[in-house]
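S.K.: Starting from two chains that each stand alone, build the complex the way the hints lay out.
Those protein sequence lines, which keep their order, are chains A and B. All residue numbers for the first sequence refer to the numbering used here, where the first residue is 135 and numbers rise by one. All residue numbers for the second sequence refer to the numbering used here, where the first residue is 3 and numbers rise by one.
Any given hint could be a false lead.
Unchecked claim - Subject to a maximum C-alpha distance of 30 Å in a straight line, what follows is the list of computed BS3-like cross-link-like pairs (lysine-lysine):
no. : chain 1 : residue 1 : chain 2 : residue 2
1   : B       : K124      : A       : K210
2   : B       : K82       : A       : K208
3   : B       : K82       : B       : K141
4   : A       : K208      : B       : K149
5   : A       : K210      : B       : K141
6   : B       : K66       : A       : K210
7   : B       : K82       : A       : K183
Since the hints were derived computationally from the structure, they do not count as laboratory data. These numbers come from a predicted model, not from an experiment.
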Amino acid sequence: MSLVETKNNTVPQTNQESTAPEKPFRIPPVDISEYENEYLIEADMPGIKEENIDVQFHQGELRIRGFMDAPDEKTKQRIARYRQFEPVDYYRAFRIGESVNAQEISAQYVDGVLSVHLPKAEMLKPRKIEISRK
Amino acid sequence: MYTELVYPYPFSRELFRRLNQFLSMPSLNETEGIFGSLSSGELATNVWEDEDAFYIEMEVPGTKPEEIDLSIIGTELQIKIMRSHESELKNGESKNGRYLRRERTFGNTVRTITLPIDSAPKELDASIELGVLCVRLRKPEEAKVQKITVSPK
Chain A
135 MSLVETKNNT
145 VPQTNQESTA
155 PEKPFRIPPV
165 DISEYENEYL
175 IEADMPGIKE
185 ENIDVQFHQG
195 ELRIRGFMDA
205 PDEKTKQRIA
215 RYRQFEPVDY
225 YRAFRIGESV
235 NAQEISAQYV
245 DGVLSVHLPK
255 AEMLKPRKIE
265 ISRK
Chain B
3 MYTELVYPYP
13 FSRELFRRLN
23 QFLSMPSLNE
33 TEGIFGSLSS
43 GELATNVWED
53 EDAFYIEMEV
63 PGTKPEEIDL
73 SIIGTELQIK
83 IMRSHESELK
93 NGESKNGRYL
103 RRERTFGNTV
113 RTITLPIDSA
123 PKELDASIEL
133 GVLCVRLRKP
143 EEAKVQKITV
153 SPK
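Same shape as in the complex, but just chain B (with noise of 0.2 Å):
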């Protein structure tokens, strides 16, 4: 019913843990864990529904509003983000930083979603709260549950 188009990330998770494995890690070492198996690059997305409207939730820690762009194209909604690495070595004190380990992934996804209507949505209306890009998509009429009263002859 949905489809997902995502563009592979070049350099996946994996591949860094193991780059990182190899590399040998100093002090700050992980206790215990094992990652989330979400494949690389990919956004974890929830699509709800309810009577007047589907409700989309990506996470998109990190990401500023003007990341993200989004289109609706006939019954899809594409939803591109470019997220920058930001904080690429700049947050702490120095600049002569280097990574120990590199798990989060940036760069640019594309991820469309072909939502079960006949019609372009009409009204949508988007948000970021704490890191998770919130839409809405107020359903069209003629895809509402159109309700039939049966009367008595």
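In isolation and in its complexed conformation, chain A is listed as follows (with noise of 0.2 Å):
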């Protein structure tokens, strides 16, 4: 059983051009919330530095990728028993188009979850129509 999957067949044809790593990578598992005003998405990347995470918005793409740090001379020395995770980057792409406000994406990343805010484009926010006497 592999944690790692690599870049196959699954990209879309909207998407030729894939931005995807070429080594190894882990697709972290997330959870997408919507909210009146903005859309949620939370990350599972144990293991990343803070410093090591990039987080890109590009022409309608939302682009995560947390860079692993190669183990120390200490832990190398160890012998492994039993595996089921590898020190390997993850990366995970969404497409997102038009519906957000770009330049108000925000992220944090706290015990090993990254979230991304993505706060809706103002058209697609509620708007509460008056109604007016004649």
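M.R.: Rendered as structure tokens:
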């Protein structure tokens, strides 16, 4: 059983030019939720230092990436007895389109969980329309 | 050599995925990638060993120290994790949120790791670093490698 999924033919046609890394990488599991004014993507990316996280929004596509540090000398001397995860990078991309306000995207990384807040574009926000009297 | 017990999480990742597919995704679609394959509810674990100790690493993203319960039963290390879904639609600006996709697992998990030693390890220290639980179990003296020098007659 491998935790590492390499790039394969799952890339949809709309995204011919893939930005996925060439090296083996892990796809973090995510929760995506929608609120009145924003979308929230929460990704489990344990073991990554905050400075090694890269969140990019480009042409309607959100890319999250986490670079894993190489194991240090002390760790290298240990013998693996059982392995279910490897120290590989994380990568995942989402097609967002025009539905968010790209300038206002923000992200936090706490205890191995990356949260990306994507504020909705003005046109998608609920708007109350006043009824005017004649 | 190592045994594991995993309490199955009632809703598998696959089920959520299918449910989401069925309910059709709005504007937020993933453009690439397939899921890593660990069985549902299982937390990825590595076990390492060196001369002095065993090292257990378990991925517990978003878990607080008070949600983890470690105990040693004989030569087994039992790791109990109560992962509450803290952000449960509260992180957003308004409380009226809804999920478009759910892949992360929460809930309670118990995992037992049998150590290949005869007597109980005495010293244990544990910490959570960047969402990874790191447990170090110092080996008891008798479990350490004994060096025997061959002397000439």
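S.K.: Are the hints correct? Go through all of them and say.
M.R.: Hint check results:
1. Our distance criterion of 30 Å between C-alpha atoms is met by B/K124 and A/K210, whose separation comes to about 25 Å.
2. With a CA separation close to 28 Å, the supplied pair B/K82 and A/K208 stays within the 30 Å bound.
3. A threshold of 30 Å between alpha carbons decides the hint, and for B/K82 with B/K141 the separation of about 22 Å falls inside it, so the pair holds.
4. For a cut-off of 30 Å, the pair hint linking A/K208 to B/K149 stands: about 22 Å separates their Cα positions.
5. Restraint check: the Cα-Cα separation between A/K210 and B/K141 comes to about 19 Å, which is no more than 30 Å; the hinted pair holds.
6. As the CA atoms of B/K66 and A/K210 are separated by approximately 28 Å, the hinted pair is consistent with the 30 Å bound.
7. Distance hint between B/K82 and A/K183 is fulfilled; the C-alpha atoms sit about 26 Å from each other, no more than 30 Å.
Violated hints for the displayed structure: none, as all numbered hints are satisfied.
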